[in-house]
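Participant: Can you build the whole structure from these sequences, using the hints too?
Chains as they are written, first to last, in the numbering used here: chain A, 1 to 351; chain B, 352 to 702; chain C, 703 to 1031; chain D, 1032 to 1360.
There could be a bad hint or two in this list.
Beta-carbon label-pair distances, calculated as ranges [what the hints assert, rightly or not]: (1) Pro1221(D) with Gly333(A): 18 to 28 Å; (2) Ala700(B) with Glu338(A): 28 to 38 Å; (3) Glu618(B) with Gly19(A): 52 to 62 Å; (4) Glu705(C) with Arg271(A): 39 to 49 Å.
Computed footprint of chain A on chain B; a stretch qualifies when at least three of its residues, placed anywhere within it, have a C-beta under 8 Å from a C-beta of chain A [stated by the list, open to error]: (5) 400-410; (6) 509-523.
Keep in mind the hints are simulated off the structure, nothing from the lab.
Keep in mind that this is a model prediction, so the values were computed, not measured.
Even for Gly, the Cβ is constructed at its ideal location relative to N, Cα and C.
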Amino acid sequence: MTAPIDTAVAEKVPRSNTGLLALYRQMRRVRTFEERVGELFVRGQSAGSMLHLSIGEESAAVGVASLMRDGDTFTTHHRGHGIFLARGADPNRMMAEIGGKEEGYCRGKGGSMHIADMGLGHLGANAIVGGGIPAVVGAGLASKREGKGAVSIAFFGDGAMQQGILYESMNMAALWDLPVIFVCINNQYGMGTRIEQATKGRALHERGLAFGLNSETVDGLDVRDVRAAAGRIIDGARGGTPGFLAVECYRFFGHARMDKSPYRTPEDEERGRAKDPVGFARKALVESGESSEAVLDALDAEIAREMDATIDFTVAAREPALQTMFRDVYAPGEPEPESVAARIDRILAGD
Amino acid sequence: MTAPIDTAVAEKVPRSNTGLLALYRQMRRVRTFEERVGELFVRGQSAGSMLHLSIGEESAAVGVASLMRDGDTFTTHHRGHGIFLARGADPNRMMAEIGGKEEGYCRGKGGSMHIADMGLGHLGANAIVGGGIPAVVGAGLASKREGKGAVSIAFFGDGAMQQGILYESMNMAALWDLPVIFVCINNQYGMGTRIEQATKGRALHERGLAFGLNSETVDGLDVRDVRAAAGRIIDGARGGTPGFLAVECYRFFGHARMDKSPYRTPEDEERGRAKDPVGFARKALVESGESSEAVLDALDAEIAREMDATIDFTVAAREPALQTMFRDVYAPGEPEPESVAARIDRILAGD
Amino acid sequence: MAEMTYRDALKQALRDAMAEDDTVMVIGEEVGRYGGAYGVTKGLYEEFGPDRLIDTPISEPAIVGAAVGAAMSGLRPVAELMYVDFIGMTMDQLGNQAAKIRYMFGGQVGVPMVLRTQGGTGRSAGAQHSQSLEAYVMHTPGLRLVMPATVSDAYHLLRQSLRQPDPVVFIEHKALYTMKEDVDLAAPAPEWGKARVHRTGDDLVIVTYSRQLHHALAAAEAMARKGVEATVIDLRSLNPLDFDTVRAHVERVGRVMVVSEGVMTAGVGAELSARIHEECFDFLAEPVIRVCGEDIPISVSVELEKNSVPTAAFIQTAGEKLVGLRSAA
Amino acid sequence: MAEMTYRDALKQALRDAMAEDDTVMVIGEEVGRYGGAYGVTKGLYEEFGPDRLIDTPISEPAIVGAAVGAAMSGLRPVAELMYVDFIGMTMDQLGNQAAKIRYMFGGQVGVPMVLRTQGGTGRSAGAQHSQSLEAYVMHTPGLRLVMPATVSDAYHLLRQSLRQPDPVVFIEHKALYTMKEDVDLAAPAPEWGKARVHRTGDDLVIVTYSRQLHHALAAAEAMARKGVEATVIDLRSLNPLDFDTVRAHVERVGRVMVVSEGVMTAGVGAELSARIHEECFDFLAEPVIRVCGEDIPISVSVELEKNSVPTAAFIQTAGEKLVGLRSAA
Ligand SMILES: Cc1ncc(C[n+]2csc(CCOP(=O)(O)OP(=O)(O)O)c2C)c(N)n1
Ligand SMILES: Cc1ncc(C[n+]2csc(CCOP(=O)(O)OP(=O)(O)O)c2C)c(N)n1
Ligand SMILES: [Mg+2]
Ligand SMILES: [Mg+2]
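Facilitator: Below you can see the structure in the form of structure tokens.
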């Protein structure tokens, strides 16, 4: 789908090259992917409308994911496409999953809010606000026991700061010195509610501090700042001191595809969208001379082609076969649940 | 049961007289009552063995309750006898409830862990750690709307600092400026677990601060200190600033009646029991000349008689009649649930 | 008579209740300014203000717990759970507190709250946003359980729920919000706790509730075209349960199907099937058939989702088999 | 053969599993130093140390959630919920996460965890510490559900649960911990998922599980003295459910009683009654009788508590009525 030379970059940059260009590239990939998710919906090819775009939050995804290693694990929330992509996901399989297709990461059963990939340590996105958080405590117990320095990271939104299970999980992680990090992507909104309308108190990381975690809040405008802060927190966690990181950004669009954000003003949006990590990185690359408009345009165009292809891939992909419905409720080899139809036939046949 | 003159004191002191003698008297009543609860159990007259004595925590109960007014409401945890008694409960009806008798506050259905009395604003004890906490948010909403300055107080143990619902509730109370107070009675243990083994981070009230609450920690040795701190927090709440108060004390005995505390050393217990709010107040009263050993002995003896009577009352009380089992599942006037026996008879009769 | 949607009927019920009784307040996520995730409360914030429509943090356990406390303190809270799928995290406050407080406290106090929520499939919302979890509630003594299927019931049952002395879990169906009906809200309310017989026929009885009523009615129409006449009963509330109406028709007809969107095993369908068999044993020509949700999670895939729960076609096929119609597949 | 208590059999199962597989770890409140609220893990902390017996804060939702994460990460956690009554606050992690992860993620990963807990009446522990909430679990696809009634099953079923690829909710009964039995742990384990027929008789079949097995057996003995012979089936696990065994005996006998300590409505008894009626319809001489917990909360009063759930005497009376014994009250 993409030219060989670029694919090579795509595969190598996120791991080896941590310069701004590499980070920009990943952020642009996230943004373009999300734009294509929007398109998939408009084309009526997505499974439902519960699609939550992470546009505006690319620095959080890329800044943190760029520091993750093999063996690290993570969970995400309902707005987790960017994180997974930044961590190395195949965008085709992601989009196919968002389309509810057999070729998707979860064979079309999970969808946008339930993507997972054990290969990349993605223990799962979650449609329950806060639902994926405690899993990192368990993953952290496993990592700590293995002793190879792997960390487990829970990504969630500011809305999850209101879920009790976060505090239970932070307390456990701190108590047991687990290699665990809690990353709150504060995009200022939970649906139509601004954070100040829902979360009281001082800066978010003060809650982490009160629970004994290594805690910081960082502005999400400059992905390098996010990466630096995440580096401190992740290094701490690899050394056995769990951490909490809040990344301040802005949710550029509505909560989900149907939401036109009537609850906020155009001025609020304009101010918010000024915090654009992709635009900021681009400008910095050009201004510092590290890259040029022309080179970046070419890179963007290549990414656009890569992401265009995800839609074609998804449209061409198959619906899961009906009988797969009964598969994977239990492990392979276990009997599948009997269907209601089969049962009725059995009963009416007098057994 | 008690001599008229003493009864008069009993009724007046807690409201009007807030001097140490009055506070001592109430603390002694709590302690003696709890000793009698232990006796009821030994005599095989309690309903079960899930009896949690608040001996050692009298200053928390009395210090806070002495500041409560008509219209204030509260919820307690499983170790809540002392709080309720300090708030003005009838010890006979309390003991009868602990014995599972019809004359008890809840007609023998609730027991030690589910005593309540709407008359005194007691919205209920709870056998779920943290279970009674969010109710004060709702009660606080009602009080705020009434605008008469009433507060609602959640009492709970240090173990509830580990329940997520506490943080959800604190956040709501802070967000909405509710007349609500969270009182953590930190007796250092949750069953066999010391607080440091279960709750991480800095002083407990720092968690309150991080959630935007007016917060303090106070030593429970001197009931006057507890009362002073509680006064600050309660006054704040009456004025619309919710608060958090941690009272440091020690659980003198085992978790429940069957627990002999094998997980802690005699030295730990000796050190812990040195923080004896009842003994401390007595000493202070004598040393300051405010009272004398003889007067206090007489007071104690009178209280002993009052509390002895609770056992007689309970032993003489009736078991609830079997048919009351189906009562109060739903409101009066609603049909009671059909019994299994009646249903079987109906079915076998072919309707 | 005016045409109205299910959504607007619910809103009107809230509006009328709030206008009539100023202790009624709505508390939940996005219920105020936003107007509710499914738009039920839209406009009420402007009418009644922030003290009556309380936007909460995303804290379901504490939302339910706060409603319990408010209900014990003289208010009439309508707590909203955005999806019934989130009931899991509130089952302690709901099952151990709301449901048991009157009983544990010896009848001193009740918990007159309504927990409004919505469930069911229909939006490709995936395994955690498409469930029908009413069985958890039905299995919990002390909780009333109401599940309106029609526009006029949406109105009347919510009004009635708001007059109950005990906690009511009120579950709407996400696929019904835009459904329209001609209703006369001033007409007398149906009797609380009574099932409604939508159709009478002598060949089989379909006992159902919530959205499946419409599938059942469609199936009944299709069967009628083949000469099979079904009685269709909408239970409307599962607690109280109007078994007398069910019994009367079952004893008359002798063939019964229960239809529920919840998963079959240990679900509402099980209770209905058990009860019908036990109480109408001598009148049954065939065993009761359960047409319920499959014993699986719901997929996001449109096709898989649709087939995870009863459809009108499925009900029809099952019904025809039950009456022994030759042409049944 | 050695005499052993239910409690010690459970402990031995944990010990053997932990010795055999070092990914097995126990996580919960008071499971380590204290040895478990009911003493099941006493001594294991000394044997296996703090990394294998993890004492947790009082945070049930996160305990279950942490176990889910651990199970997905190669460990075999045994999470302990001190009382099944606390399952309400964990139903999100249990029902939306543990139960659905394999499915939602297209089969990529399983959640091989065991949630050990205990339930039931018998200690005057009141409404929030005496419940039998297995129906919530049985109604949740993806969760296995095991409820041992005997000492040897306590051992074998826990060992087997610890080898399952899917999450198992393992519910002990608080009244059974001190029960003794002669057991040979080296004897071959029973087949996983198979019911056990404890007694065979031609007059009625009693289908039960957990502590009620013993009440049923006592009732059966008493009935036998009056010439009524009961078959008594212990289901042992409710998911998987061995309906074949039930069917075989029901079809032979034609009179059935299901006995469960959980409240009747929409409970396990409903599923069993429905299933028996539906699948054995032509073989039933009488409707199936449900002998279950009353549809009420449990009181702390000793007498009220005792009569809120089936007793041996009650089962006997109901059994005698079912078979039409004249002397029945
Ligand atoms: C437990 C739970 N409650 C409510 C919802 C409905 N809901 C979905 S996303 C959302 C807002 C979440 O806000 P935030 O955590 O800040 O994430 P964001 O959408 O801003 O990325 C809500 C309320 C849910 N999915 N789960
Ligand atoms: C939700 C819940 N989890 C566990 C328990 C079992 N339990 C009862 S009391 C207790 C310890 C509570 O400690 P704390 O809150 O400090 O109160 P204390 O007993 O010290 O007064 C535990 C774990 C419970 N009753 N509820
Ligand atoms: Mg947000
Ligand atoms: Mg304590």
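Participant: Would you mind marking each hint as holding or not holding in the structure?
Facilitator: Against the structure, the hints:
{"no.": "1", "hint": "Pro1221(D) with Gly333(A): 18 to 28 Å", "result": "holds (19 Å)"}
{"no.": "2", "hint": "Ala700(B) with Glu338(A): 28 to 38 Å", "result": "holds (35 Å)"}
{"no.": "3", "hint": "Glu618(B) with Gly19(A): 52 to 62 Å", "result": "holds (60 Å)"}
{"no.": "4", "hint": "Glu705(C) with Arg271(A): 39 to 49 Å", "result": "holds (43 Å)"}
{"no.": "5", "hint": "400-410", "result": "violated (count 0)"}
{"no.": "6", "hint": "509-523", "result": "holds (count 8)"}
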